[in-house]
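Visitor: Protein chains in written order, with the UniProt record's numbering: chain A, 1 to 411; chain B, 1 to 411.
Worth flagging that the hints you see were computed from the coordinates, not collected in a lab.
Bear in mind the structure is a predicted one, so any value in this text is a computation, not a measurement.
All residues carry an ideal CB built from backbone N, CA and C; glycine is no exception.
A portion of the hints provided could be inaccurate.
What the hints assert, rightly or not - Taking lysine-lysine and the DSS-like style, the derived pairs with C-alpha atoms no more than 27 angstroms apart in a straight line are:
#1 A/K339 with B/K339
#2 B/K27 with B/K339
#3 A/K270 with A/K173
#4 A/K410 with B/K339
#5 B/K2 with B/K107
#6 B/K27 with A/K27
#7 B/K27 with B/K169
#8 B/K107 with A/K362
#9 A/K267 with A/K27
Unchecked claim - Coverage of chain B stretches by chain A, computed from C-beta distances (three or more under 8 angstroms per stretch; other residues unrestricted):
#10 234–247
#11 267–280
There are 2 protein chains.
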Amino acid sequence: MKIEILNTGTELLLGNTLNTHGGWFGKELFGMGLRVARQATVPDGDAIREAFEEIVDRADVLLITGGLGPTSDDLTREIVAETLGIELVQDEAAMRTLEVFFSARNKVMAEANLKQALVPVGADVLPNPNGTAPGLYLPPRINGRSNCAIFLLPGPPRELYPMFHEEVKPRIKALAGVENISDVLELKFTGIGESDFHQSIDAELAAIDGLEYGYCARIGEVDLRLIGKPEVIRFARDLAVDRFSGGLISEDGSSLEATVVRLLAEKSLKLASAESCTGGLIGSRITDVPGSSEVYTHGWITYSNEAKASQIGVDEALIAAHGAVSEEVAIAMAEGARKESGADIAISVTGIAGPGGGSPEKPIGTAWIALAAEGCGTSARRFFHPRNRLDFKESVSQSALDMIRRHLMKI
Amino acid sequence: MKIEILNTGTELLLGNTLNTHGGWFGKELFGMGLRVARQATVPDGDAIREAFEEIVDRADVLLITGGLGPTSDDLTREIVAETLGIELVQDEAAMRTLEVFFSARNKVMAEANLKQALVPVGADVLPNPNGTAPGLYLPPRINGRSNCAIFLLPGPPRELYPMFHEEVKPRIKALAGVENISDVLELKFTGIGESDFHQSIDAELAAIDGLEYGYCARIGEVDLRLIGKPEVIRFARDLAVDRFSGGLISEDGSSLEATVVRLLAEKSLKLASAESCTGGLIGSRITDVPGSSEVYTHGWITYSNEAKASQIGVDEALIAAHGAVSEEVAIAMAEGARKESGADIAISVTGIAGPGGGSPEKPIGTAWIALAAEGCGTSARRFFHPRNRLDFKESVSQSALDMIRRHLMKI
Chain A
1 MKIEILNTGT ELLLGNTLNT HGGWFGKELF GMGLRVARQA TVPDGDAIRE
51 AFEEIVDRAD VLLITGGLGP TSDDLTREIV AETLGIELVQ DEAAMRTLEV
101 FFSARNKVMA EANLKQALVP VGADVLPNPN GTAPGLYLPP RINGRSNCAI
151 FLLPGPPREL YPMFHEEVKP RIKALAGVEN ISDVLELKFT GIGESDFHQS
201 IDAELAAIDG LEYGYCARIG EVDLRLIGKP EVIRFARDLA VDRFSGGLIS
251 EDGSSLEATV VRLLAEKSLK LASAESCTGG LIGSRITDVP GSSEVYTHGW
301 ITYSNEAKAS QIGVDEALIA AHGAVSEEVA IAMAEGARKE SGADIAISVT
351 GIAGPGGGSP EKPIGTAWIA LAAEGCGTSA RRFFHPRNRL DFKESVSQSA
401 LDMIRRHLMK I
Chain B
1 MKIEILNTGT ELLLGNTLNT HGGWFGKELF GMGLRVARQA TVPDGDAIRE
51 AFEEIVDRAD VLLITGGLGP TSDDLTREIV AETLGIELVQ DEAAMRTLEV
101 FFSARNKVMA EANLKQALVP VGADVLPNPN GTAPGLYLPP RINGRSNCAI
151 FLLPGPPREL YPMFHEEVKP RIKALAGVEN ISDVLELKFT GIGESDFHQS
201 IDAELAAIDG LEYGYCARIG EVDLRLIGKP EVIRFARDLA VDRFSGGLIS
251 EDGSSLEATV VRLLAEKSLK LASAESCTGG LIGSRITDVP GSSEVYTHGW
301 ITYSNEAKAS QIGVDEALIA AHGAVSEEVA IAMAEGARKE SGADIAISVT
351 GIAGPGGGSP EKPIGTAWIA LAAEGCGTSA RRFFHPRNRL DFKESVSQSA
401 LDMIRRHLMK I
């Protein structure tokens, strides 16, 4: 079943309002085992007509948002009726609902609102308990021209979302007929590039019958999405996990930081952090996770050398000898943070974020990360992430969180 | 000039990844006095072909994102070349750039990456300093079929945004001709809601001849965008700044944290931070700003009560008497951080992020923020941001940074 989305609204194309509808519909429909074939955004007015004429001859289901309001640029209802050659008539029930809406709010209904009670002959009125614009449903073959089932829906999420669940979903289910539900699984990996996947397992995944898959690369992370029947997904999942087990963050959409917090909680371990170049980002990511206060107690943002020395006891002579961005200083930071906090594990980072401060020996993008753990000593690794300042911080925080994850999983 | 956007990527239609490209392009082009006529999103694969064939015969400029990666579902380059009947050839310069990218990272280039050096004959290669996929520009009439100027751009914002500014904007400007370009000014405000603007100056802005304007509301921030001739913008700017001067963050797009760092540097003052509920986010935002190491020296993430006591000398009896989220503890944290660091100014935050930990007296969303300053004593304010955990952290960090800004500007 070919489902298309048409979002109308000049504001969606000016960047004032983020268009979240495309993704939201996709997620909802995907949960029903259905896909969005195409999503388009057009400004208010005649552009709606052009797009509508195209889509209505191509799609099986069309979901249109916006343009049902009372103002002069709200024209969706009129354009759809005109294009299909269907008359608009005033609907008594829709009229009464409008009157109730305004009187419940002690407001006088403007004359402009009257047009919101206009309904194409043969269409269903979809009640809108959260606004003045009722939705409309035009079943396939309403006028002999089109086989497309057409939904006209309000733009604001607080009106759209409940209407979708109450009125649209049951009708789409009936149109789709069979329960052709697909499953989806998202595997998050880190420490592996998108091209490593391609090189290693892409051909094998492509050969699996009935599997759809895709990659989404983020900073320091690749998400592998598997779509198909449960047994097909299981097969593909085992293949990927077997090949890249060490890099697997989660199979349930959990972020790296959520995985780290969960592992710490399972082992009843406490974590401390000492950050220089990431400036608090590691702490912030950890504390994004609900319940992190159980496992994360102390953090230092030792941005200056003096702070490294006075707060977590890094010997200033060590900094003078090796530089603040060095294996020795990273190790001293991690050990100092562990000692000061009494935590089981301490992570430290020191690096050169740029745009200034690089040198031939230590170019911008260089970072040292150290992990000190009760009974395991301290280990340090050098990373090189030559990116812009913000991406560098994100990359280093990802590498640091992954060092903790690997330590906790003993990999 | 009819500009269309085509975003490719299955993930954009499954709801996993929010498609922010449509709005972003709209904003950028609007800033140049241009509009987006239509935006569409299609899944990877053959759907790209169908959409491309339609648009290329209709639009003057087409911006395509995504599908330039190394994997088998990255097909944009191939589909465009095939549809237009243009041969793809290996570009030596693109090849060298790829090799440098990998060798700079001490990585071996996968064979899959080779196809990223394929270029349609007659196209310009648009360098991508932030990733492996170069962009491509196919000028109008490259093959006699289409009058459309076609840009193939990478999907990830960190690669797309710089490439758009460096490579795409100048070419679109040349295509549009100077007479189509308007001026644009973006004023950032904080501490004022979008509805305050509506209430206070919207009608006056609407009455200014030749002015286009729009608001963009973010967490703790409203951006007012003014578009028109320089004298019209100046008039509108004066109106807005006059009305809301205390809330003006910047007139040049600078973020609140960049404004704070600039003000600290101008006054040669040092800042320290002590964060509980924001978990390092304030430090991270400050250190997002290049040059912040000159003004920001020490930060503490005192997530536990013990850390508040041992690291910045908050009396445990004070915590026991008033609770960790209290005016008294916020003040003690700020004063402790100032004393420990020797900084001129220290900011502290303590609050209840949720989802757990609220009470009738201190519901989730409650935060105390204190500022201790050399010679000015310590002041504290209570905030209430009843939002989800991440938005709460963002709101509190915004309020804290704004307290520093107002202190430095003496407002």
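Visitor: Now tell me if each hint is right for this structure.
Guide: Hint check results:
Simply put, A/K339 and B/K339 have alpha-carbon atoms about 22 angstroms apart, close enough for the 27 angstroms limit, and the pair holds. For a cut-off of 27 angstroms, the pair hint linking B/K27 to B/K339 is broken: about 45 angstroms separates their Cα positions. With a CA separation close to 49 angstroms, the supplied pair A/K270 and A/K173 exceeds the 27 angstroms bound. A distance of roughly 41 angstroms separates the Cα atoms of A/K410 and B/K339; the hinted pair therefore is violated under the 27 angstroms criterion.
Restraint check: the Cα-Cα separation between B/K2 and B/K107 comes to about 42 angstroms, which exceeds 27 angstroms; the hinted pair is violated. A distance of roughly 26 angstroms separates the Cα atoms of B/K27 and A/K27; the hinted pair therefore holds under the 27 angstroms criterion. Proposed proximity of B/K27 and B/K169 is supported: the alpha carbons are some 13 angstroms apart, at most 27 angstroms. Distance check on the hinted pair: B/K107 and A/K362 sit about 18 angstroms apart at the alpha-carbon level, within 27 angstroms; holds.
The hinted pair formed by A/K267 and A/K27 fails the criterion: a straight-line CA distance of about 35 angstroms is larger than 27 angstroms. For the stretch 234–247 of chain B, the stated coverage by chain A is not satisfied: 0 residues place a CB nearer than 8 angstroms to a CB of that chain, which falls below the threshold of 3. Chain A is given as covering the stretch 267–280 of chain B, and this holds because 6 residues of the stretch bring a CB closer than 8 angstroms to a CB of that chain, at least three being needed.
Violation of the numbered hints given earlier is confined to hints 2, 3, 4, 5, 9, 10; the remaining hints are satisfied by the structure.
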